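**Student:** Taken in sequence, the protein lines are chains E and U. Using UniProt numbering, read the first sequence as starting at 1 and increasing by one per residue. Using UniProt numbering, read the second sequence as starting at 1 and increasing by one per residue.
Where hints are given, some of them may not hold.
Note that the list lumps identical chains together, so a pair holds whenever it fits in one copy or between two copies.
Stated by the list, open to error - No farther apart than 25 Å at their CA atoms in a straight line, the calculated lysine to any residue pairs in the SDA-like style are these:
| no. | residue 1 | residue 2 |
| --- | --- | --- |
| 1 | LYS294 | SER215 |
| 2 | LYS329 | HIS53 |
| 3 | LYS312 | GLN119 |
| 4 | LYS294 | ASP317 |
| 5 | LYS333 | PRO169 |
| 6 | LYS326 | LEU223 |
| 7 | LYS2 | SER222 |
| 8 | LYS2 | ARG332 |
Quick caveat, the hints were computed from the structure, so don't treat them as lab data. Bear in mind that the values here come from a model prediction, so they are computed numbers and not experimental data.
Number of protein chains: 2
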Amino acid sequence: MKIGVIGGGQLGRMLSLAGTPLGMNFAFLDPAPDACAQALGEHIRADYADQDHLRQLADEVDLVTFEFESVPAETVAFLSQFVPVYPGAEALRIARDRWFEKSMFKDLGIPTPAFADIQSQADLDAAVASIGLPAVMKTRTLGYDGKGQKVLRSEQDVTGAFAELGSVPCILEGFVPFTGEVSLVAVRGRDGETRFYPLVHNTHNSGILELSIASTDHPLQSLAEDYVGRVLKQLDYVGVMAFEFFEIDGGLKANEIAPRVHNSGHWTIEGAECSQFENHLRAIAGLPLGSTAKVGESAMLNFIGEVPPVDKVTAIDDCHLHHYGKAFKVGRKVGHATLRCADRATLDQKISQVQSLIKAV
Amino acid sequence: MKIGVIGGGQLGRMLSLAGTPLGMNFAFLDPAPDACAQALGEHIRADYADQDHLRQLADEVDLVTFEFESVPAETVAFLSQFVPVYPGAEALRIARDRWFEKSMFKDLGIPTPAFADIQSQADLDAAVASIGLPAVMKTRTLGYDGKGQKVLRSEQDVTGAFAELGSVPCILEGFVPFTGEVSLVAVRGRDGETRFYPLVHNTHNSGILELSIASTDHPLQSLAEDYVGRVLKQLDYVGVMAFEFFEIDGGLKANEIAPRVHNSGHWTIEGAECSQFENHLRAIAGLPLGSTAKVGESAMLNFIGEVPPVDKVTAIDDCHLHHYGKAFKVGRKVGHATLRCADRATLDQKISQVQSLIKAV
Chain E
1 MKIGVIGGGQ LGRMLSLAGT PLGMNFAFLD PAPDACAQAL GEHIRADYAD
51 QDHLRQLADE VDLVTFEFES VPAETVAFLS QFVPVYPGAE ALRIARDRWF
101 EKSMFKDLGI PTPAFADIQS QADLDAAVAS IGLPAVMKTR TLGYDGKGQK
151 VLRSEQDVTG AFAELGSVPC ILEGFVPFTG EVSLVAVRGR DGETRFYPLV
201 HNTHNSGILE LSIASTDHPL QSLAEDYVGR VLKQLDYVGV MAFEFFEIDG
251 GLKANEIAPR VHNSGHWTIE GAECSQFENH LRAIAGLPLG STAKVGESAM
301 LNFIGEVPPV DKVTAIDDCH LHHYGKAFKV GRKVGHATLR CADRATLDQK
351 ISQVQSLIKA V
Chain U
1 MKIGVIGGGQ LGRMLSLAGT PLGMNFAFLD PAPDACAQAL GEHIRADYAD
51 QDHLRQLADE VDLVTFEFES VPAETVAFLS QFVPVYPGAE ALRIARDRWF
101 EKSMFKDLGI PTPAFADIQS QADLDAAVAS IGLPAVMKTR TLGYDGKGQK
151 VLRSEQDVTG AFAELGSVPC ILEGFVPFTG EVSLVAVRGR DGETRFYPLV
201 HNTHNSGILE LSIASTDHPL QSLAEDYVGR VLKQLDYVGV MAFEFFEIDG
251 GLKANEIAPR VHNSGHWTIE GAECSQFENH LRAIAGLPLG STAKVGESAM
301 LNFIGEVPPV DKVTAIDDCH LHHYGKAFKV GRKVGHATLR CADRATLDQK
351 ISQVQSLIKA V
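Based on the provided sequences and hints, a complete structural model is requested.
**Tutor:** Below you can see the structure in the form of structure tokens.
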């Protein structure tokens, strides 16, 4: 079976590492000459709107999936004429746009921060009057890793903010005094079977994920599964989805979904019986889903900007390096480490060891 | 770091799957147009004696390693002029030739079956008179998976046996009434640090490995480590080596070594903290060695001739498929499954489930 992936970054790379042992081959459509997935599959170097090359991809592969949710709707529609596409156009339409996304959560009875659609500075002023400050203004589309966002703390921040974010459609979200950020990675098969990984505690820095720790018997696990299950069913979703929540007052408020394998699920490569990457491929290929059970106590630490010296990372017991083979650049995710330990105390100690390496670079 | 591999079959493929997350790239020199490792690295399609292409490989990579031990000595000597080669020429010289191999065991005080060098039918007749029947005659070089061997049970089998195996240098080995076959996979770093995986029980069928089960606290573990340690030191070995033993009367007799990652170590991909593939790469790259500790109870079952339907293999809990992407052919190793279970009883049950699939194809 040959899988086409729109995007050829580290997620595509890890999909191929998981799928090759299942007997799959991969083709990545990505305009970047140095797309790091090309080490592990065919690289079709083309723009995401290039219909000739999209057609070539569709002709070569059995099905198509995505590495990122901001893929143009036209790309999905075009491909869908020729080849099965998972997740489907509706899931991408919703996930691509924060307004659609939050509106869907509301319709499904999933708590969210207060939010409002912003099409102008006047909309923003009205929304701030209603929701209050502090609040976060985000572009409806194309934001990631803290980009396309502005925290509004005072009236001064509000003035001209719409123009500052490019005078594009935005969403205003009320500030949530959260006690933690958690994500639930789920997978749903073509037949509707659904499995959930354990909730993951996430720590961000400047909007970029730094640390994920897989939980054990989290008290909010079943509530999170209920919420995510509603979305998966609503979208008739196929594949892996990550759902980010704010943890607040012993409850959850929905932040956003990612209709794809997700950074907060990278720990599953070693830390779960079947990784999010293998499970995404199993789901879209119509294979039985794999176990989402944990193997030991696990955490994931991102390497941002650069990977610490490989001999230092590999010297840490229980540590598994995932180097993406990308050029080092400030703020860029260039690798991660998974820790898989026998117990939580050891895990915490190893997290500190890896953090020391990160600080040293 | 770019690694050159002589040979581009499943071992090369699994080396790349293990090394890519360490930030390594791979080039495989293999004459086969369909070498299955080419999905995961550059394929230099050339004969192993083709000096132009060997030179190209040497120029492109940081170091060279091998997928099989019968690589010509001239190839190793040629490459060594331009690039570090691990394991070294001496290890390959010994491992390639059963006479050198058994003689080294004897010199190092490691018990072996009785053996004799056979250069003619007269040598064979004399050796049979001394060693007795039954015995096994094997070509000194190029044998694998039961090929290049003949079991001699009666005087009738002895007649003309030298010509039958091609009138090439052979070795005669006395029959060993073994109770089991075990192998020890070891890894030795450039600095001499050595680690051992748990002893593995192997079951063969017609000379081809069918099933490997990793042991727990095997009573012969330390004896095996002593023997293997002697060989590693003698050869100043760098990389992974597999050492096959006959288990007999509560002791061990050396059968043979493989100076490379080995089929009986495939279970380590999921079943050990750091796989034999990653540890081989760590060793030759001068990185710290990884833990050889088991994760759960593990076994490996080979898929020979064909891989059972992927949806059936993936439906078995605790089962990890490794499809080599090779054309199916009778007697050919085309994949394997690793089982990693919480306890031995579950493992035995899962082994039966996989065996049922194998019998059904």
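**Student:** Indicate, hint by hint, whether the structure satisfies it.
**Tutor:** Hint check:
{"no.": "1", "hint": "LYS294 x SER215", "verdict": "both (9 Å within a copy, 23 Å between copies)"}
{"no.": "2", "hint": "LYS329 x HIS53", "verdict": "neither (29 Å within a copy, 35 Å between copies)"}
{"no.": "3", "hint": "LYS312 x GLN119", "verdict": "neither (50 Å within a copy, 52 Å between copies)"}
{"no.": "4", "hint": "LYS294 x ASP317", "verdict": "both (19 Å within a copy, 13 Å between copies)"}
{"no.": "5", "hint": "LYS333 x PRO169", "verdict": "neither (27 Å within a copy, 57 Å between copies)"}
{"no.": "6", "hint": "LYS326 x LEU223", "verdict": "neither (38 Å within a copy, 45 Å between copies)"}
{"no.": "7", "hint": "LYS2 x SER222", "verdict": "neither (36 Å within a copy, 46 Å between copies)"}
{"no.": "8", "hint": "LYS2 x ARG332", "verdict": "between (29 Å within a copy, 23 Å between copies)"}
The structure is inconsistent with the numbered hints 2, 3, 5, 6 and 7, although it conforms to all the rest.
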